[in-house]
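In the order they appear, the protein sequences are chains E and G.
For the first sequence, the residue numbers in our numbering are 1 to 313.
For the second sequence, the residue numbers in our numbering are 1 to 531.
Some hints here could point you the wrong way.
[As the list claims (entries may be wrong)] No more than 25 Å apart at the CA atoms, straight line, and that leaves these computed lysine-lysine pairs for BS3-like: (1) G:K510 / E:K158; (2) E:K54 / G:K93; (3) G:K417 / E:K54; (4) G:K153 / G:K143; (5) G:K295 / G:K362; (6) G:K417 / G:K356; (7) G:K93 / G:K153; (8) G:K480 / G:K154; (9) G:K173 / G:K92.
Keep in mind that the hints were calculated from the coordinates and are not lab data.
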Amino acid sequence: MAAYILRRSISAIAVMAMVGIFVFLLLRLAPGDPAAIIAGKSATAEMIAGIREKLGLNDPLPVQFIRWVRDVLGGDFGTSIFAGRPVLDLISQRLEPTLSLSILTMILSVTVGVSIGILAAWRTGGLVDRLLAAFSAFGYSVPVFVIGYFLIYFFAIKTRWLPVQGYLPIERGLGPWFVHLVLPTVALSLGFIAFIARVTRASMLEVLSEDYMRTAAAKGASSYSMLFHHALKNAGVPILTVIGISFAYLIGGVVLTETVFNIPGIGRLVVDAINNRDYPIIQSVLILTSGLYVLINLTVDLAYTLIDPRIRY
Amino acid sequence: MTISRRSLFKTGIAAGAVLSMPSVLRAQTVPPDARTVHMVKVGGLTIFDPVVTTTNITLDHATAVYDTLFSLDSKLMPQPQMVGKWDLSDDKKTYTFELRDGLSWHDGTPVTAADCVASIRRWGQVKPGGQLLMARASDISKKDENTFTIVLKKPLGLLPTILTQNLYVMREKDAATPATDAVTANVGSGPFKFNHALAKPGASFTYDRNENYVPRSEPSNGLAGGKIVKVDRVIWDNIGDQQTALAALQAGEIDYLEGPPADFYPVIESDPNLALQVLDASGQVYFLRMNCLQKPFDNVRARQAVLHLINQAAYLSVISPDPKYSSTVTSFFGDGNPVSNGENTGWLKKGGDPEKAKQLLKEAGYAGEKVVILQPTDWAEASNTSQVLAAELQKIGVNAELAASDWGGLVARRANKGPVDEGGWSIFITSESNASRGDPTATESLGARGETGWFGWPNSEEYEAFRAKWADVATLEERKALARKMQQVAWDLAGTVFLGRVVSPIARRKTLTGLIGMPELIPMWNMQKAS
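Please model the complete structure; the sequences and the hints are all you need to start from.
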């Protein structure tokens, strides 16, 4: 197991290095100039040139790249071109909203998705199963921003039950924190609930048709015992895989949701950074995100051993 | 151990109280909602130093935090602001300025003449008006703690106006920063203090009323007069999505929304709690610039063809569908400015003049050279008008094509003076303040200095000779006469072609009143909020 984790960690470093090189080159080769954006619409060429020189953007690409790699290896992810603050400070400032939204979304998606999936499989062709089919089509096909605007219209503007936008840190009170996250969490979760429920249903149906399930039924096992002790455990590996994939996809969904609900998280940070060509922020967020992807995959792989003792690394 | 329902309930109450305690404590230091204004501005505030950038949101920030030596009143005339008394020598070459009483920095130290001198020197390195002043000044120095002088090589009648051109006074130690490095201390002497503790870059910035600010005794008048702050706190919320911002305005979560898209106007007008208000009645002029260094627009006839082709009404219908907020503009110096005039404007014809344009193109010897129009896809107005322009040019036989990129990409490419095959360009569309076009010393796009000038690089020695005199003449009548001569040359030169003038209302809740209307800047004093 330890050797496996070590091997995966080394591969994670390689993945992050590749991402780093790719992102660095992509950003430098794409059109756009942070100096021109800093200087503004009516700036003169001299103003822009002065800022470029100051930012070191006139140096040859290899020089810029080596300087950046040296800094990153030394733990310095650079300073935001616009905010003038260390990138890691800015990222840590934005971490709480994104983590809050992501964790609440996963809790809602997994609990509701798995529950609906089990129910639909247990009563195949029944009302829950048919509703799940309709809900899945809806959840897959309607973009998160459309759902977001609908939720805002009904629950914030019409009824005034919930705030339209914004985020309050958890230190300002659990209630206000939660209230600001209800709509974005629901908007972001619908697609994942549909995804997890469909996979849970399919996986459960496969297990429920196994011989050992019929044996359990013949031996008089209760429905609860059959579903949760026998079926769910055996159907767990694909469900866990899909939860892991969902967590990884969540990072993409968070960007859009944070924009629609004006949540100052990592997603907004990177969108603003891309618009402004704030290279250090984009590079750092993408490298850290790639590391997170690898970590999630590793965690899922290790979790398989808890569900299925036959799996060994 | 057993847990009773009652003990569980008590524990829950206690836990809830503990969790909500920080918000209770904080509530004692946060101004009440009725004294706090939430504003959503266009774009996000990323640069805090008005010397480094020309972006409006930075100038709004600076207008709140810093004070100015002179300010423009509602008629765009310069009035003393930080300056108490000032004097001009008989030979009109030495200005003496004395600071008024009561000026202090947000850190509590007094504002001195040395701060003013250092600020003028830094600003003078990069801003067009400042560069002109520095070229003309033989000495700028302090006389005593409250007095400084500007000694000129020759008279400069425009000096008080030049000192209103985004010259924000900073502490001497901040003004010692190189002009290409942004000052981030945000310590000014203006009516608002920047709240560093609550600054969340990309999310929100907070400005608190400067309780030590001593306003002038005159009534508020444009940017001039007494700057009386009537709220305790102003928060700039950075809501990236306009639809969300409108919803927040409707729900009362914000009080002010800058630059709502035109398709929101009916929704805002139908909401009894909201109002549209034009603060910048002067508005923005949309215009195109042609690359005068490369074919086909290195030929003046080809540029004149575009001037005669453009039907401003068609472009205005794309930029601002509601005619209430748009108008055509013919004066090179903008519409409604003191020096605006009708010289050499015979090119304006309803519906444009494609036949005349074709004739001029033929005279220019146009041979089907590719015309590349830079299209900024992240700026709807400029992007849509670029498409209209491409279609109009194609209709008269021009080999026009669009080069789509975001604004950042456009800005990078427009610096390329080479031919289109080597990454150059032919036309780009942009906008600028209509009011700023009234002053050719401060506005780069009003120059014609060729390759040393602004993007597009039109060149006319005759025009530049007139422009050089602008700062020397003392009276408005003299400037008006000069403007007519300059416009005669400018429309023949045709480096710039107007697409129309647009005013953009802001949206606000009706509980927010007292907003001051000025070109480009949105000052935050004087406004108040009813509960």
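> Which of the numbered hints are not met once you compare them with the structure shown?
Replying inline: Result: hints 2, 6, 9 break, sorted rising.
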